[in-house]
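Single-letter residue listing:
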Amino acid sequence: MITLDVIYVLMGLLTGGIAVVNARDASNPRRWRNTLFWGVYALLFFAGSYLGDFVNGVLVLIMVGTAAAGLGQGTREAVTAEQRAASARRFGSRLFVPVLVVPIATFVGSLLLKDLTLGGVPLVDVKQVTQIALGLATVLGLLTGLVMLRPPVSAPIVEARRLMDSVGWAAVLPQSLAALGALFAASGVGNVVSALATTYLPLGTPVAAVAAYAIGMALFTMIMGNAFAAFPVMTAGIGLPLVVQQFGGDVVVVTAIGMLSGFCGTLMTPMAANFNIVPAALLELTDRYGVIRAQVPTALALLLANIVFMAIFAFP
Amino acid sequence: MPDTPSLLPLVGILIVIFGFAFRLNALLVVTLAGIATGLASGQSLPAVVAAFGKAFVDSRYIAIVWLALPVIGLAERSGLKERARDVISGIKAATAGRVLLVYLALRQATSALGLVSLGGHAQMVRPLVAPMAEGAAENAHGDLPRATRERIKAMAAGVDNVGMFFGEDVFVAIGSILLIRGFLEQNGIMVEPLQLARWAIPTAIVAFVVHGSRVLWFDRRIAREVAAEADASNGGPRA
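Chains Z and D are the protein sequences, given in the same order.
Residues 1 to 316 (my numbering) are what the first sequence spells out, left to right.
Residues 1 to 239 (my numbering) are what the second sequence spells out, left to right.
Treat each hint with caution, since some may be false.
Claimed, not checked - Within a straight-line C-alpha distance of at most 30 Å, the following computed BS3-like cross-link-like pairs (lysine-lysine) qualify:
#, chain 1, residue 1, chain 2, residue 2
1, D, K81, D, K92
2, D, K54, Z, K114
3, Z, K114, Z, K127
4, Z, K127, D, K54
Read the hints as simulated data drawn from the structure, not as lab findings.
This one's a predicted model, so the numbers in the text were calculated from it and none came from an experiment.
The following block holds chain Z by itself, in its conformation from the complex:
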């Protein structure tokens, strides 16, 4: 059976390969730090399921310390702009094929893989089918690219290193934030926040309660980085007891639009790193908060729209 651990071996090969390319690149003045950072990350993919929690924690701290000291970036370009332009003319729109294979194969794979069995055993772990499909789709895309474009064998890992080092430590930020969220939850942060909100907010009218719930969802999502983490806390604290039970709002409307209010918060917070910080790094923006800046006007307009919709539709 293909489980996530198979995909983690692929991730280990990718990050390990990036460590090796960095070790061999004298154009990166901090090449040993990069080697350590990506090498430890590779170890966490290869062995993280078997090492103890404490050892894993220490390894994460080594990565964080290395990142805080500062990572570097190699300056060597494998091909020149002229070579790329010539190659673009040569291959034309066929260049889109390997890239488009990834999302299309992910989608097809997530539909088909869950029904396949081999000798009565499911071919893939059904619970993780989308993630596994994505991992396998990237391999298919890479093979397509290798066959079509016939680059040197080292090209994929050298190019992956170039992109990964331009993202840098932001690549592991989403995982650290997930870990932070788990510690927040275990320490009862949500209960404290909802207790504070219900104690200090003016919630005397239906509209005030609706506004407090929607804005509370957005704000707490900004703190947690994730509407899924904010939803149970704010809904148990304000949504259900006040808007639904005390003022008689429709529970379906309130919770559905409450979740969407949380999404408005997701657009405005660096804590939602994989949506806001990682793309800024991936697109090589100098302003780390550039994506958030581009989204704030839309997010505020939609939050207002959500409050209006909830106030109108929940109290017919």
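Mind docking chain D on chain Z? Use the hints.
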């Protein structure tokens, strides 16, 4: 009057807000916030380190999207971005804003059908959408000021997020709908996913109208910034 709970667990939130406001290394800030939160709740340091390590390793699946980098890097090395710009330059009506509007519509519509995996920052925005939007703007205005180029890329990333967030909730089997249903079930309230998904439609429409208008207006801003840059480099208004 209920007992006010201890505010000590909030120390992690303070560290995070402070760290992001002062633009400290976010990875370091998040790790310190996690350790401080754990310590404040009374756990020992080794226990907190272990808890952080366990949660980090348990969420490795988030990183799987990076497996797309070798194929994207390979295609970029072979001229993918250059080709994306060429294609756009062949379409006379294409502007940066219209390219982004088309992607917004596609992203939102496919997400509403549950096809969330068809987009993404690594898979679509970096290799295709951002170069196409940049290329369209270059066709209209020639070389772009650096700040304008950055804003186009940032808008491209924002379009992917807005399209997905406010499209996916219209689909009945998406995680957020199932979470709402599960939460209400625990509280003894039974609702159907279809009822919940229906109430995502008004916001989805407003999201498309608001963000779609913004990306179309964005074309005027690009023109203004290019003109301002040209004025500055000519040392006066253009004839």
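Verification of the supplied hints:
| no. | hint | result |
| --- | --- | --- |
| 1 | D/K81 with D/K92 | holds, 19 Å |
| 2 | D/K54 with Z/K114 | holds, 28 Å |
| 3 | Z/K114 with Z/K127 | holds, 9 Å |
| 4 | Z/K127 with D/K54 | holds, 20 Å |
Violated hints are absent here; each numbered hint is respected by the structure.
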